[in-house]
Amino acid sequence: MSASLLGIAILTVSIVSIPARGILGWFLAARVASFLFTRWSATRLEAKLDARRPLDRAEQVLFTSMAVAGATLGLLLWPAPPGAPLAAIATIHVAVMLVITLIAVTLAAFPGPRDAMLASFWIVTCTIVLAHPARFDPVFVLVSTVFVVGVRVYAANTGVHIVCAARTLVENRKLAEELAEALAHAEFLSWRDPLTGLFNRRRLFEERQARTNDAPRHLLAVDLDRFKSINDQFGHAVGDHVLIAAADAVREVLARRAETGEHQAYRLGGEEFLVIVEGVDTRIAEAMAEELRHAIAAIGGHLETQQPLSVTASIGLTQWCMDEELDDALLRSDMACYDAKRQGRNLVRCTA
1 MSASLLGIAI
11 LTVSIVSIPA
21 RGILGWFLAA
31 RVASFLFTRW
41 SATRLEAKLD
51 ARRPLDRAEQ
61 VLFTSMAVAG
71 ATLGLLLWPA
81 PPGAPLAAIA
91 TIHVAVMLVI
101 TLIAVTLAAF
111 PGPRDAMLAS
121 FWIVTCTIVL
131 AHPARFDPVF
141 VLVSTVFVVG
151 VRVYAANTGV
161 HIVCAARTLV
171 ENRKLAEELA
181 EALAHAEFLS
191 WRDPLTGLFN
201 RRRLFEERQA
211 RTNDAPRHLL
221 AVDLDRFKSI
231 NDQFGHAVGD
241 HVLIAAADAV
251 REVLARRAET
261 GEHQAYRLGG
271 EEFLVIVEGV
281 DTRIAEAMAE
291 ELRHAIAAIG
301 GHLETQQPLS
311 VTASIGLTQW
321 CMDEELDDAL
331 LRSDMACYDA
341 KRQGRNLVRC
351 TA
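Per our numbering, the sequence shown starts with residue 1, numbered consecutively.
Because the hints were derived from the structure by calculation, they are not lab data.
Some hints here could point you the wrong way.
[Claimed, not checked] What follows is a list of derived Cβ distance ranges for each label pair:
| # | residue 1 | residue 2 | range |
| --- | --- | --- | --- |
| 1 | Pro194 | Gly261 | 19 to 29 Å |
| 2 | Val170 | Thr145 | 17 to 27 Å |
| 3 | Val170 | Gly279 | 43 to 53 Å |
| 4 | Arg202 | Asp339 | 36 to 46 Å |
| 5 | Glu181 | Ala119 | 40 to 50 Å |
By construction, the Cβ of each residue, glycine as well, lies at the ideal position given by its N, Cα and C atoms.
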């Protein structure tokens, strides 16, 4: 659109500078009307593209508008009246050629309308030259042909480059999205256990600093009872399902207490889990541990196995005191978990 507006402005100034402009003024008006028609058809096509509607009718209208545009540009090469300033005539001819070239390049993605414009321009130009042998040398037909063919080849090559650049841009954007997704997945795996989706031991390292807030926290050391026997008797596939179900049980228990604070769950390795609960007192933390124990004990009834499957967990509970390192609290929760195992398993034991 900018090229057409600039061309119209230059043509207007040049034609107005011709004293007896005659029919050129009407041809300029036709060019302005053609520009408005082309702009309307292009806007209509763009709207249909945005709406993802069929383009057949809109493309036909654009084809017609560009054919009219080429014809009106060719008419501006009509012989100027005698006495017209040579500079004005030269400016008109140069402006027409520039506008033709720029529009052809702009229409690189629409070869049909582009070729319609070039063809109508060539037909009108050749007709004018042949109709005025006294004003134009017939060699101008050859010049017009070479010009149109040259613009056609240049615009087509430019269109190929534009399409390649657009394809490269799309591919680069796709690669960037895939890279971002891969980095996000890598970050997820660096902090998460790939089997259960819980935080892993590496993520726990970030909690090793001393407590800095006054919200009460408790640690629940969870260890599945006789898990090796489950793997040996039922196979590792069933064992993996047990671990996943245990992680789901942890999530469900923590979700029911989500309003009390930011709870976190970790799989430390094998059948060992750690739960950090925040914002509850010891009584509620013990109740959460019991909920978790019962939820894990129900896993066996939900898994399809050839033989009855019993899944239980021993849980050690301790408070993570203010200004205490995580390692110290973790040691106490492990000791409480060992006490639960020594006392018969499938128990919750607390330690100060």
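For each hint, the structure was consulted:
At about 27 Å, the beta-carbon gap between Pro194 and Gly261 stays in the expected band of 19 to 29 Å. In this structure, Val170 and Thr145 break the distance hint of 17 to 27 Å, their C-beta atoms being roughly 37 Å apart. Taken as a hint, the range 43 to 53 Å holds for the pair Val170 and Gly279, whose Cβ atoms sit roughly 48 Å apart. Distance hint check: the CB atoms of Arg202 and Asp339 are about 28 Å apart, inconsistent with the given range 36 to 46 Å.
Range check, Glu181 to Ala119: about 48 Å between beta-carbon atoms, so the 40 to 50 Å window is met.
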